[in-house]
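2 protein chains.
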Amino acid sequence: MSRINDQMTPSYRWAKRAHDTVVSAVIATAHGKPVELGGGYDFPDTLPDIVSEAMAAAQSKHETLQYGPLYGLDELRDAIVDYLRDDGITTARENILVVNGAKHGLDLACRVFVEPGDAVIVAAPTYLNAVQILKNAEAHFVSIPQDDAGIDTEILRQRLQARHDAGEPMPKLLFDMPDFHNPTGIAMSAARRQRLVELAMYYDFFIIEDDPYRRIRFEGEPVPPIKAFDNTGRVIGLGTVSKILAPGLRIGWVNAAPPILRRMASQKSDGGTCPFLQRTLVQLFRNGKVDQHIATLSTLLRLHRDTMIDAIREHLPGTSIRTPNGGYFLWVRLPPQIDADELVRRAAKEGVSTLSGRLCFAEEPSDSFLRLAYSFSTPGQIADGIERLGRAYAAMRSEFGPPPHRDL
Amino acid sequence: MSRINDQMTPSYRWAKRAHDTVVSAVIATAHGKPVELGGGYDFPDTLPDIVSEAMAAAQSKHETLQYGPLYGLDELRDAIVDYLRDDGITTARENILVVNGAKHGLDLACRVFVEPGDAVIVAAPTYLNAVQILKNAEAHFVSIPQDDAGIDTEILRQRLQARHDAGEPMPKLLFDMPDFHNPTGIAMSAARRQRLVELAMYYDFFIIEDDPYRRIRFEGEPVPPIKAFDNTGRVIGLGTVSKILAPGLRIGWVNAAPPILRRMASQKSDGGTCPFLQRTLVQLFRNGKVDQHIATLSTLLRLHRDTMIDAIREHLPGTSIRTPNGGYFLWVRLPPQIDADELVRRAAKEGVSTLSGRLCFAEEPSDSFLRLAYSFSTPGQIADGIERLGRAYAAMRSEFGPPPHRDL
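Just so you know, the sequences run in chain order A and B.
Letter 137 of the first sequence, counting from 1, is numbered 586 in this note's numbering, and no numbers are missing.
Letter 122 of the second sequence, counting from 1, is numbered 571 in this note's numbering, and no numbers are missing.
Heads up, simulated DSSO-like pairs for lysine-lysine below, C-alpha to C-alpha not over 27 Å straight-line: (1) 584/B x 465/A; (2) 738/B x 510/A; (3) 482/B x 510/A; (4) 510/A x 510/B; (5) 738/B x 510/B; (6) 465/A x 584/A; (7) 482/B x 798/B; (8) 510/B x 482/A; (9) 482/A x 798/A; (10) 510/B x 738/A; (11) 584/B x 584/A; (12) 584/A x 465/B; (13) 510/A x 738/A; (14) 465/B x 465/A.
Which chain A residues stay away from chain B? Per the calculated CB distances, all over 10 Å, these: (15) 672; (16) 739; (17) 815; (18) 845; (19) 850.
The hints are simulated quantities; they were obtained by calculation from the structure and are not laboratory data.
Idealized CB from N, CA, C, for every residue including glycine.
Sequences and hints are given; from them, build the entire structure.
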């Protein structure tokens, strides 16, 4: 037979969604030499001791080493129902799907709702991995700004009404993180949450509420999750133990109406989330280690946050921040002449790992931001890291012109 | 504002790929009362003792409870390279991506190659979960029959040439399981493997070689994996410890050229495969427990297979089987008047769980088959289960007419 294709290098006929870029934040490890202020890692010093729970799980090998049930272990689903009850959410086992982290839940939601080109509403900025997952789903973005009360529901309403009036396809989904938003740290007001549910009903979209940071609260009183305002199944809740216990466990959940859950489960291609990890987590919920870790971590991270804010005020003049009442991150607005990507590169040379805010926008941002995580490093490391960042920043300021007047 | 959409039940605007069917085999658990001859579970009596390895992993919490590296732990990637070397495959760490089981690898391959409507070549029958994953990717199927030497490469060549001559889009991928194929148990000949690689180069497609059962061999000599015949990166190897160690660990791997691997990694939405499980598995590879489990399991499953074959000969007259030299499954051809789905339902009432062969075809099969797993149940349970199945079968035979002449 004559050769149709005889070159030694194969011709890759990629799907459109395939791309060769790995977001640098994702491949950063916690073991590098630089001061780590980039990734949302858990604080290493207080990672839970799970030795006895893991041993017990290993001993239940007839359960934990076989394929697990598709929706997750019943006892874990029940523990998640209990956990959510404390947040003011009424749900039941049949609404809970155990997944491999909240990102996996978002991915499954995309699979059951999003066709290439479908519009999805996100905050600007929003969670960088959500942007990546939505881009992998070939979603189009409707980016809505935020203020201190969260995503701006009046701008959202206007955008939706304009799309409707123009006969444009209406968004199917909205993705947001209402509590200690990644990257901004904003906690959405109760009025905005209520309004989002009304808009979802009115304009016929579903809300994906990703709420990993809710329990990492330093001050102030919580308002109910968006899901608590939802009587019609318009909200798909995502949760995870990554930020309240340990990211390495790779356990998250979806809390949604059964018609959604069944379709998401049908798209799971992992042979069921690991029953060994699920059994370990059931024990950690039962013996109070989850609550204990949340309390310890919240106390410590408040101090981390304060240390970082003090250091920023000292070493990053001309920047502005909003003090978050919880979560893992500070969102730093840079003066207009400072390019965030370049600052991140220079900071790395000074020995500190940070994250360019550009990664947190689904569409190109007009301003320049950094996301700084105070979760992983100690207060001493944070102070040192911000000082290093300050050196890179000062060099750029002297290089790229005088500070703007708002610096004073 | 006037209500555009005020009904209490939301209007779900599903993606086309979303479906509300969960394959029953997937939700079967190992804990039900019936004799389990349906699912490909590991044999419970010899599940490995991983207590000390899990304890050690829990103690390395700075590694195992944080986010892991995107491609997997280097030491696990190296252990996989060593494991593959024993199969005759030369590879290196940079070609290995750790995933959450082989199914996850197939899913990622679909994401980077398959657009809705793209053609994928599969054997008929083939692995039922691969069918599901490919359907979720909205692939079109090119189903090719098998004989005792594996997928029929001459029929495949004819089909491909006809597509080419007709100007039809050519398939991007071929999925197959060359060793102790699920469900047929067939081991592909070396000549067919070589031929598949030639066809892949000639007709410009990639081969996904899923090889979970290769080491579960009862007799005969292995031939090299398809990947060993590949000098140009045309083969994407999938592996897993589900069948050689424990399905509950949810660890698999992809062995492929870096351009493919990078794109697959970019589609991973799990926050990295669980580093706790990876570290546990590194230890199990190092201390020889993987090899030990393979040896023990292979010895036992040979006996299981023989018991099942004897019982089928006694209790299922008129059926035909091919004796597999390894793997987990027997593929039973039923007389034409016996509908497999109905037999599975009736067998369940008799207290034995089996799987209809219909689920193992990407397109509608012309004949009627059962897939029986001898991996999970003991020889005594297998004999009992086949006797129960035989009762349902005998009732159907008397109900749906005389046995065909080939019964004699």
